[in-house]
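*Asks:* At position 404 of the sequence shown (counting the first as 1) the number is 404 in the working numbering, and the numbers step up by one without a gap.
One or more of the hints may lead you astray.
Stated by the list, open to error - Pairs of lysine-lysine residues, derived as DSBU-like cross-links and limited to a Cα-Cα distance of at most 30 Å, are as follows:
#1 K333 to K459
#2 K460 to K149
#3 K114 to K149
#4 K418 to K352
#5 K460 to K301
#6 K152 to K183
#7 K418 to K309
#8 K333 to K290
#9 K392 to K427
#10 K459 to K392
To be verified - Quick list of simulated restraints, FRET-style, between CB atoms:
#11 P151 to T410: 15 to 23 Å
#12 L115 to D441: 44 to 52 Å
#13 G393 to K183: 43 to 51 Å
#14 E286 to Y109: 53 to 61 Å
#15 D280 to K145: 45 to 53 Å
#16 K423 to P163: 34 to 42 Å
#17 M111 to S365: 15 to 23 Å
Source of the hints: derived by calculation from the structure; they are not laboratory data. Just so you know, these numbers come straight off a predicted model, no measurement behind them. Glycine included, every Cβ here is placed at the ideal spot set by N, Cα and C.
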Amino acid sequence: MRGRPDGGQKKRLITSVCVVAVFLIFLYVYFGSHSDGESALEYGSRSLRKLGSSYLGGDEDADLGGKQDESATKFGLEDGEDGIIPKSFPVCDDRHSELIPCLDRNLIYQMRLKLDLTLMEHYERHCPPAERRFNCLIPPPSGYKIPIKWPKSRDEVWKANIPHTHLAHEKSDQNWMVVKGEKIIFPGGGTHFHYGADKYIASLANMLNFSNNNLNNEGNLRTVLDVGCGVASFGAYLLSSDIITMSLAPNDVHHDHRTKGSELSPWPRRLTAPPPRLSDFGYSNEMFEKDTELWQRRVEKYWNLLSPKISSDTLRNVMDMKANLGSFGAALKEKDVWVMNVVPEDGPNTLKLIYDRGLIGTVHSWCEAFSTYPRTYDLLHAWTVFSEIEKKGCSAEDLLLEMDRILRPTGFIIIRDKQPVIKFVKKYLQALHWETVATSDLSSDSDQDGDDFVFVIQKKLWLTSESLRDSE
Numbered sequence: 001m002r003g004r005p006d007g008g009q010k011k012r013l014i015t016s017v018c019v020v021a022v023f024l025i026f027l028y029v030y031f032g033s034h035s036d037g038e039s040a041l042e043y044g045s046r047s048l049r050k051l052g053s054s055y056l057g058g059d060e061d062a063d064l065g066g067k068q069d070e071s072a073t074k075f076g077l078e079d080g081e082d083g084i085i086p087k088s089f090p091v092c093d094d095r096h097s098e099l100i101p102c103l104d105r106n107l108i109y110q111m112r113l114k115l116d117l118t119l120m121e122h123y124e125r126h127c128p129p130a131e132r133r134f135n136c137l138i139p140p141p142s143g144y145k146i147p148i149k150w151p152k153s154r155d156e157v158w159k160a161n162i163p164h165t166h167l168a169h170e171k172s173d174q175n176w177m178v179v180k181g182e183k184i185i186f187p188g189g190g191t192h193f194h195y196g197a198d199k200y201i202a203s204l205a206n207m208l209n210f211s212n213n214n215l216n217n218e219g220n221l222r223t224v225l226d227v228g229c230g231v232a233s234f235g236a237y238l239l240s241s242d243i244i245t246m247s248l249a250p251n252d253v254h255h256d257h258r259t260k261g262s263e264l265s266p267w268p269r270r271l272t273a274p275p276p277r278l279s280d281f282g283y284s285n286e287m288f289e290k291d292t293e294l295w296q297r298r299v300e301k302y303w304n305l306l307s308p309k310i311s312s313d314t315l316r317n318v319m320d321m322k323a324n325l326g327s328f329g330a331a332l333k334e335k336d337v338w339v340m341n342v343v344p345e346d347g348p349n350t351l352k353l354i355y356d357r358g359l360i361g362t363v364h365s366w367c368e369a370f371s372t373y374p375r376t377y378d379l380l381h382a383w384t385v386f387s388e389i390e391k392k393g394c395s396a397e398d399l400l401l402e403m404d405r406i407l408r409p410t411g412f413i414i415i416r417d418k419q420p421v422i423k424f425v426k427k428y429l430q431a432l433h434w435e436t437v438a439t440s441d442l443s444s445d446s447d448q449d450g451d452d453f454v455f456v457i458q459k460k461l462w463l464t465s466e467s468l469r470d471s472e
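Between the sequences and the hints, there should be enough to build the whole structure, so can you do that?
*Replies:* Here is the structure:
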């Protein structure tokens, strides 16, 4: 005789099935969300488009997806039309204080990129997609101090600013760096120059039969490529010979290019002499000379705007974010600065003209992060950069955050662009901890480009503890 089914056993079976189903759903949700991006604690803060109203000042239940893209980067909007300008940006986790977004090994692992290690593809740039960008303020390291001024900074830096003292032990026999109290000292040593970079440079000049053991060779040698540099002592010591060096770390990639070096004028005449490859771009000598004179006048006006805030040693590392012919950098010759000239990747590649002038630079798209350490530059010059990225459909907010990343605390930004761009940037000053230094209306300026305005900004020094605070 067949027995009646046990009701208790049936209930236990149903309960077990439900528990397993709930567990599987949990696994799907948990790992599915992590495959799209890490949490704010693990991978930095999420995109501004997903931060929620606590940063934007809106309704907590408001759906911001897509709205940020549609309105915030339209420079032509009137005040108040978008309504989602942030009151503050989140701060990235402290362990991201040295983040270089497109050279982040963690990103390679998290995205499970299939790279050919034999071709060293893991050393190449791999930029995060929009949904994986940090979009938060990169904090300075614990104990950060305003950097020591040039030229003392050639030989010493604050240890707290560069928390990597292991090289002092690993390279102790090569005299790279020495830790002394709160500072790191650079004696000028290196793998190939145990007795100092200055003596090594003099020996090179002697080998080449240059007069007075000067590697400058009466202005005929101006730009140097240092491949596989360590702490860049070689390039730092060349500056006293009026030579500027592009130092490539071991991770960087370089290629050989044909040049017309033999046709170049000696330095410093080559800075203002029309380059031999000028005709490659359809420029005449007269156009080149006018451009040089134009930027000389503009830089003089910039310095008048900056003068209440700076002294002779305030600025050292300068970037021209859209260099064109390099005339902005050329106009700074009498200043004790060096300039990184950036040429857009989708425009005329005028980089060879910049090198012909005895300057250095690189090609880059500002839709991506720049390959440099955070807090590198004292001054950023952005001539119509925002207008250009709007045409490309890239995020102006991302550009603001990237500029903040590469700018040192107390550093300056000069934006030369249309009035709607200036209005747009002004809305973000509080969130970025920036402050206005000066604004110049160029409507009566004979050197103006259309309706350009000049906006000068300074980045405040802020520190993180349990909460964000101004150091002032």
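*Asks:* For which of the previously enumerated hints does the structure constitute a violation, in increasing order of number?
*Replies:* 3
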